[in-house]
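Asker: Sequence:
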Amino acid sequence: MLLEKLIAMAIALIVTASMVTLLSGEIYQSKTYTRYSEQMQGAMIVKNLSSKILDSLDEHRLPLLPQIHKNGLITFRDGTLHSLSVRTDDLAPIPASDAITAIQLKRSNPLLRSKLGVICGTVAADEHVLVYSADLLFEAELATASGTHGSCRDSTISIPKKSVLFDQPNITEVTTPAFILPIVSLSTIYVSQEGSLRYVQHIGDRDVENQPMRSAAPLLSIAGETSPAGLYTLNLDLLFEEDAAPFHFEVQNVLSRRSPDAMLLQAYRGKAAKW
Numbered sequence: 005m006l007l008e009k010l011i012a013m014a015i016a017l018i019v020t021a022s023m024v025t026l027l028s029g030e031i032y033q034s035k036t037y038t039r040y041s042e043q044m045q046g047a048m049i050v051k052n053l054s055s056k057i058l059d060s061l062d063e064h065r066l067p068l069l070p071q072i073h074k075n076g077l078i079t080f081r082d083g084t085l086h087s088l089s090v091r092t093d094d095l096a097p098i099p100a101s102d103a104i105t106a107i108q109l110k111r112s113n114p115l116l117r118s119k120l121g122v123i124c125g126t127v128a129a130d131e132h133v134l135v136y137s138a139d140l141l142f143e144a145e146l147a148t149a150s151g152t153h154g155s156c157r158d159s160t161i162s163i164p165k166k167s168v169l170f171d172q173p174n175i176t177e178v179t180t181p182a183f184i185l186p187i188v189s190l191s192t193i194y195v196s197q198e199g200s201l202r203y204v205q206h207i208g209d210r211d212v213e214n215q216p217m218r219s220a221a222p223l224l225s226i227a228g229e230t231s232p233a234g235l236y237t238l239n240l241d242l243l244f245e246e247d248a249a250p251f252h253f254e255v256q257n258v259l260s261r262r263s264p265d266a267m268l269l270q271a272y273r274g275k276a277a278k279w
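Sequential numbering from 5 applies to the sequence shown in my numbering.
In case anyone wonders, no lab produced these hints; they're calculated from the structure.
Predicted model, so just to flag it, every value in this text is computed and none were measured.
Please note that the accuracy of each hint is not assured.
[Said to hold, decoys possible] The calculated DSSO-like cross-link candidates involving lysine-lysine, where the alpha carbons are at most 30 Å apart (straight line), are:
1) LYS165 to LYS56
2) LYS119 to LYS165
3) LYS74 to LYS119
4) LYS110 to LYS56
5) LYS74 to LYS51
6) LYS56 to LYS74
7) LYS119 to LYS51
8) LYS110 to LYS51
9) LYS110 to LYS165
10) LYS166 to LYS110
11) LYS119 to LYS166
12) LYS56 to LYS119
13) LYS74 to LYS166
[Unchecked claim] Restraint-style ranges between C-beta atoms, simulated for each label pair:
14) LEU259 to GLY83: 25 to 31 Å
15) SER150 to GLU254: 46 to 52 Å
16) THR84 to GLY154: 40 to 46 Å
17) ASN214 to ALA149: 28 to 34 Å
18) THR176 to GLN45: 41 to 47 Å
19) GLU229 to ALA149: 40 to 46 Å
20) LYS74 to GLN256: 19 to 25 Å
21) LEU95 to GLU246: 38 to 44 Å
22) LEU269 to THR176: 25 to 31 Å
23) ALA233 to ASP139: 23 to 29 Å
24) THR92 to SER219: 16 to 22 Å
25) SER118 to GLU254: 21 to 27 Å
Even glycine gets a Cβ: it sits at the ideal position worked out from N, Cα and C.
Use the sequences and the hints to build the structure in full.
Answerer: Structure below.
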């Protein structure tokens with residue numbers, strides 16, 4: 005009788021040990037699958053954002069390439085530190101990750117402004133704009149007021165001193181620019197100290213939006229290059245874990261770049277709808 009009980013206990017211990025081992029394996033596999041699934045979702049978000057940047061680049065042919073900020077050091081075009089890079093809280097960029105700034109235009113056909121400060125066409129009362137004047141592309145703010153010019157408006161153009169993407173002229177106003185293009189967004193994507201992927205929208209040296217896009221974001225290593233044919237490629241490595249291989253992908257635009265003067269001449273001649 006005692007022997008039978010010992011045998012039964014031994015069998016029970018073997019079955020229990022087997023079930024614990026099996027359950028532990030399933031839990032480990034489940035955690036591994038969940039972690040991998042979350043990483044893939046994060047990778048797809050970054051890839052989609054990168055594709056959107058280059059799709060926006062192909063909405064025109066102006067030389068408005070993204071600006072890559074290495075090691076989380078976000079700067080203005082003149083090399084001075086952006087306010088994000090002097091923060092000391094959790095929203096500061098993490099030095100182990102790169103950041104990228106890009107622009108999206110609202111339209112590809114330019115607004116033209118007369119010497120009298122009158123502008124015609126569909127334009128909001130206040131617009132964040134890209135201006136071309138005196139061989140320089142720069143960021144500005146356009147303010148319009150209803151006037152006695154039919155569908156046209158009196159307007160003023162003010163110029164921020166700094167821009168993340170452009171060399172700004174050393175003036176505060178411009179009289180008659182060659183062309184004006186409204187901006188949808190001029191934004192930076194970066195990884196913060198708290199580990200979230202964040203989207204920041206800029207107007208000059210002001211940040212008008214800083215929103216989280218995803219928590220537990222990967223560290224980003226970003227490189228951009230222009231081919232001899234004038235096509236631009238973004239290469240990205242996404243690192244989720246220190247001991248794991250990074251996710252790698254690249255995206256490329258399809259239209260080569262042209263100079264503002266060439267685009268302006270083309271627009272005046274009416275040979276193409278898209279700049």
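Asker: Now look at each hint and say whether the structure bears it out.
Answerer: Quick rundown of the hints versus the structure:
Proposed proximity of LYS165 and LYS56 is supported: the alpha carbons are some 28 Å apart, at most 30 Å. For the proposed pair LYS119 and LYS165, the alpha carbon gap of about 23 Å is at most 30 Å, so the pair holds. The straight-line distance between the Cα atoms of LYS74 and LYS119 is roughly 42 Å, outside the 30 Å bound, and the hint therefore fails. Distance hint between LYS110 and LYS56 is fulfilled; the C-alpha atoms sit about 14 Å from each other, no more than 30 Å.
Our distance criterion of 30 Å between C-alpha atoms is met by LYS74 and LYS51, whose separation comes to about 18 Å. The straight-line distance between the Cα atoms of LYS56 and LYS74 is roughly 21 Å, inside the 30 Å bound, and the hint therefore holds. The suggested pairing of LYS119 with LYS51 is violated, with an alpha-carbon distance near 44 Å, which exceeds 30 Å. Distance restraint check for LYS110 and LYS51: the Cα-Cα separation of roughly 23 Å lies within the 30 Å cut-off, and the hinted pair is therefore satisfied.
Taking the CA atoms of LYS110 and LYS165, the gap is near 23 Å; set against the 30 Å cutoff, the hint holds. Restraint check for LYS166 and LYS110: the C-alpha separation of about 21 Å stays at or below 30 Å, so the hint holds. Of the supplied pair hints, the one linking LYS119 and LYS166 holds, its CA atoms being roughly 26 Å apart against a limit of 30 Å. Proximity of LYS56 to LYS119 is assessed by CA-CA distance (about 37 Å); at most 30 Å being required, the pair is judged violated.
At most 30 Å may separate the alpha-carbon atoms for a hinted pair to count; LYS74 and LYS166 meet this at roughly 19 Å. One distance hint, 25 to 31 Å for the beta-carbon pair LEU259 and GLY83, holds here, with the actual separation near 29 Å. In this structure the supplied range 46 to 52 Å holds for SER150 paired with GLU254, their Cβ-Cβ distance being about 48 Å. Taking the beta carbon of each, THR84 and GLY154 are about 44 Å apart, inside 40 to 46 Å as hinted.
Taken as a hint, the range 28 to 34 Å holds for the pair ASN214 and ALA149, whose Cβ atoms sit roughly 31 Å apart. Look at THR176 against GLN45: about 46 Å separates their beta carbons, and that is inside 41 to 47 Å. Here the CB-CB span from GLU229 to ALA149 is close to 45 Å, well matched to the stated 40 to 46 Å. For the pair LYS74 and GLN256, the supplied restraint of 19 to 25 Å holds, since their beta-carbon distance comes to about 21 Å.
Hint check: LEU95 to GLU246, Cβ distance near 23 Å, so the stated range 38 to 44 Å is violated. Judged by the Cβ atoms, the range 25 to 31 Å given for LEU269 and THR176 holds: they are separated by roughly 29 Å. In this structure, ALA233 and ASP139 meet the distance hint of 23 to 29 Å, their C-beta atoms being roughly 25 Å apart. Between THR92 and SER219 the Cβ separation comes to about 21 Å, which falls inside the hinted range of 16 to 22 Å.
At about 45 Å, the beta-carbon gap between SER118 and GLU254 misses the expected band of 21 to 27 Å.
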